[in-house]
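Novice: Once you've looked at the hints, dock chain B against the given chain A.
Number of protein chains: 2
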Amino acid sequence: MNYISVTLLACILPLAYAGKVLVFPVDGSHWVNMKILIEELHTRGHNVTVLRASNSWHIKETSPFYISITVYDDGGIEALVDTFTRQILVNRREKLSFWAHLMLISKSGKAIEEMHQNQLAMMGEIFENKTLMDLILDAKYDLVLTDPAFGSGVFLAHRLGLPLVLNARWTMHGEAHFEIAPSPLSYVPIPGMELTDKMTFGQRVLNVMGYIFQHIHKARFVYPHYHSFCTKYFGDEIQYVSLLQNADIWLMRNDFIFEFPRPTMPNIVYMGAFQCKPAKPLPGDLQEFVQNSQEHGLIVMSLGTLFRYLPQDITEEIAAAFAKLPQKVIWRHTGPRPANIGNNTLLVDWLPQNDLLGHPHTKVFITHGGTNGIQEAIYHGVPILGLPLVFDQPDNLSRMKVKGTAKIVDVAELDRTSFSQALEEVLYNTSYRQNMGRLSRLHHDQPMKPLDRAVFWIEFVMRNGGAPHLRTQSFRMSWIAYHSLDVIFTLLIISAMFCFLIYLLIRYLCLKIVFKKKIKSD
Amino acid sequence: MNYISVTLLACILPLAYAGKVLVFPVDGSHWVNMKILIEELHTRGHNVTVLRASNSWHIKETSPFYISITVYDDGGIEALVDTFTRQILVNRREKLSFWAHLMLISKSGKAIEEMHQNQLAMMGEIFENKTLMDLILDAKYDLVLTDPAFGSGVFLAHRLGLPLVLNARWTMHGEAHFEIAPSPLSYVPIPGMELTDKMTFGQRVLNVMGYIFQHIHKARFVYPHYHSFCTKYFGDEIQYVSLLQNADIWLMRNDFIFEFPRPTMPNIVYMGAFQCKPAKPLPGDLQEFVQNSQEHGLIVMSLGTLFRYLPQDITEEIAAAFAKLPQKVIWRHTGPRPANIGNNTLLVDWLPQNDLLGHPHTKVFITHGGTNGIQEAIYHGVPILGLPLVFDQPDNLSRMKVKGTAKIVDVAELDRTSFSQALEEVLYNTSYRQNMGRLSRLHHDQPMKPLDRAVFWIEFVMRNGGAPHLRTQSFRMSWIAYHSLDVIFTLLIISAMFCFLIYLLIRYLCLKIVFKKKIKSD
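Protein chains in written order, with our numbering: chain A, 1 to 522; chain B, 1001 to 1522.
Just chain A, with the same shape it has in the complex:
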């Protein structure tokens, strides 16, 4: 590894307690969230250092909010994600055979494996760069803040002997709760199956089978790499899972307005929609366009960070559907300009999503169903038309559908008629807006803002050198001991022996009586 540069642009506010936070982020849409935490920490006077890859996708080398340490990396997850997600859409659109789909799933497993390997390799290079490690150790950080979607930041915290705070929604095992909180599969749906917390018997069977399948899948593609890394640097005694479960605080990018209620843990802090803010005024050109939507309202469409544009045929269908509407449409679209585009539709490279969703004219948000977008829609009470594509998007949108706040359109089946129908339902059936309004009110009815809560607990860990009083003993236990299987087995054996002794005693007594009688009768 070439240790490239350390930028020193962060301006340090002179506050009473300035902590030092070392951040090992995950690139892509995950960085959007991490950046908000970093900015807030910086604003409160803490010093943040970000470990970034030289070929980083979204993580800039220079920022007014953090110092960066750039590590040479030739892997990069951008190309992988881009190819993979685009291919999935093509497959679904072209209704390729089951076989083609299976091949893609297997390929996706490979792609995910490659990403984990890449992240571990990067961490290995950091560990073996003595100059860099000394620099990090000398800086005397107060904690490591990482996103456990890729788990190598967990190793970094352990190597440095620092408290660990996770900015989490996913771990390498799947949804982060499954890692530390009891998750009864009878009412906690596993990710990726679009199930709810009210399952039929058949759905419960699917949920359990899916859980087993996902576990096997991860055991094939992911665990072995973490296991080897752990053995190489920390010996056989230490398990990756224990290091992860040993985290002081889990800041969950989630809450029970969005997610189904489920068991939780003392060291889980919910910060769903922490990135949302009241809408700011729009920039001049947008403001004028939006102002003209007063009569019929505004539709906002954006497919997030991953999808820059949809295939041309889908785009044309959507454009044609939009053209027929009386509403104004702002569409974040960076591909070729659709021929069917109407006068009411404004194509933009980028849009101030939060400010647009918070505009009183906005009637519907058309989204791929990323967590950030959905939480912004909840925050501002805007109903959703969902075009789910990959990852957690179908699940996220199905949660919104169950709560009566979203309509979902299958991209593979999308044409101008079906798209129009769905859009008009969300526009004109008031229940969607009412239900989203209810969720929005629940979100705003909290004792503390989610971002403040998150930063409080990061600062808590810095002030107190961790939060061990909130971490259960479960992470020290084997699977057998945790589930008391050894105890149950022992008690069963003892009961069986007891019953057997009773049986022997009764048998002995009966025989004796029979024998006596026999003697008498003889």
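Simulated from the structure, these hints should not be mistaken for laboratory data. Some clues are possibly wrong.
[Claimed, not checked] No more than 30 Å apart at the CA atoms, straight line, and that leaves these computed lysine-lysine pairs for BS3-like: (1) K1449(B) / K449(A); (2) K449(A) / K1020(B); (3) K1140(B) / K1130(B); (4) K1095(B) / K1324(B); (5) K198(A) / K403(A); (6) K1403(B) / K140(A); (7) K1140(B) / K403(A); (8) K20(A) / K1449(B); (9) K60(A) / K35(A); (10) K449(A) / K1130(B); (11) K277(A) / K1449(B).
In this text the structure is predicted, and so the values were computed from the model without any measurement.
Specialist: Same frame as chain A, now just chain B:
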């Protein structure tokens, strides 16, 4: 039942949103906590009505903070508790035989059964008093607030169709968490066994066996009464446990500074030490006495609401031990004045416990180990000498002992030497004070005061008509479905059938090959 009176003394503050809260409290030390919630609700402009028994022990008929509805009741738990607790102490002190102890435990089971019956009878009388029920219905309360140690308040909420908030530490099943949160017996100790969250194999066996035993005990003495009540008033379809688990918010008089960390639920709100406040100046006579303790410090002794005084012989030993100390002692003691009392010891009928514990001269708190007292000691960082007697007291103190903040003396073995030794250890071994200081700092390092948090969630339930988005689906499920036993059984059967089919197929093929070979060789 005679419906006696409705006091109308509560002054109603003119606030924007004045909610109406119906409180069904539990008498005795539980009332101490409930009263604090009521006072705070009143201060914030809500109207509180308390349903109280005519022979109430601590719940006054008139108060500036609530309207009371008095219901005739001839049961009363005061005498029962008093006789029972006193007898336990005598038994332990006199080292009565195992048989005598067993008889007492059986008697205590009977006493507890009687208390539950009494509370249910009172609720039955309320239900059957049409005038009173109409009055309550007409008042249009926003919610029912009750302590589920006796469960009949839960029936009241169901009968009135109102949201339910619990001020809980115990339910009729035991510790309240066991009712709604997953409680792995491998690291969650059951109450009454003085176990911790780090258990040996033997302790885990004890924990599981204790859990089974307690369940059987309750099934014998408690459940049947609730079951009959439920059937009588709501029919066979409804289970008491479902009504309880259906509660909107569980305000737990606990936290993870006091309790071992364990799984929790979205609708559990921790309000441990919510009753504590910064110390106020002491009244004149006490102030003078305390001021004179500057050189060596002050010892505060109180055995709470239940125990007015200890047997005379114990009292004399304690008085003699105190007399030898250079410290000043304030002792809440209402029995006969001990002959051994020293000049340094002040006997009082009542003491401002919170203010005394918050006084900088206070070095040690001698307590029976009630939750309130321990939480006040944590709040003010005062180490503890514990004299546990009954109920949760041994458990509470064992938690403090494990955290290095308390020394425990067995009352049955207490004499002036052992008492002095223990007291001097807590006085002069600085680790007790340091550890309690750490707990105190953790308590004060919260994003929100526990009382504010509790009242926020009571008001949340009033504003939103409940909090169903925080309640998991578990309460609707049978035990078998909840643990996925039906699913596991089904999957095992399918797997077995599949294996059997494979076996049949292989057998068939083998036979065919052998058969062919035979024909050939023939």
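Novice: Work down the list of hints and note, for each, if the structure agrees.
Specialist: Do the hints match the structure? See the list:
{"no.": "1", "hint": "K1449(B) / K449(A)", "result": "holds (15 Å)"}
{"no.": "2", "hint": "K449(A) / K1020(B)", "result": "holds (27 Å)"}
{"no.": "3", "hint": "K1140(B) / K1130(B)", "result": "holds (16 Å)"}
{"no.": "4", "hint": "K1095(B) / K1324(B)", "result": "holds (28 Å)"}
{"no.": "5", "hint": "K198(A) / K403(A)", "result": "holds (12 Å)"}
{"no.": "6", "hint": "K1403(B) / K140(A)", "result": "holds (29 Å)"}
{"no.": "7", "hint": "K1140(B) / K403(A)", "result": "holds (29 Å)"}
{"no.": "8", "hint": "K20(A) / K1449(B)", "result": "holds (27 Å)"}
{"no.": "9", "hint": "K60(A) / K35(A)", "result": "holds (10 Å)"}
{"no.": "10", "hint": "K449(A) / K1130(B)", "result": "violated (46 Å)"}
{"no.": "11", "hint": "K277(A) / K1449(B)", "result": "holds (25 Å)"}
In the structure shown, a violation is registered for the earlier hint numbered 10 alone.
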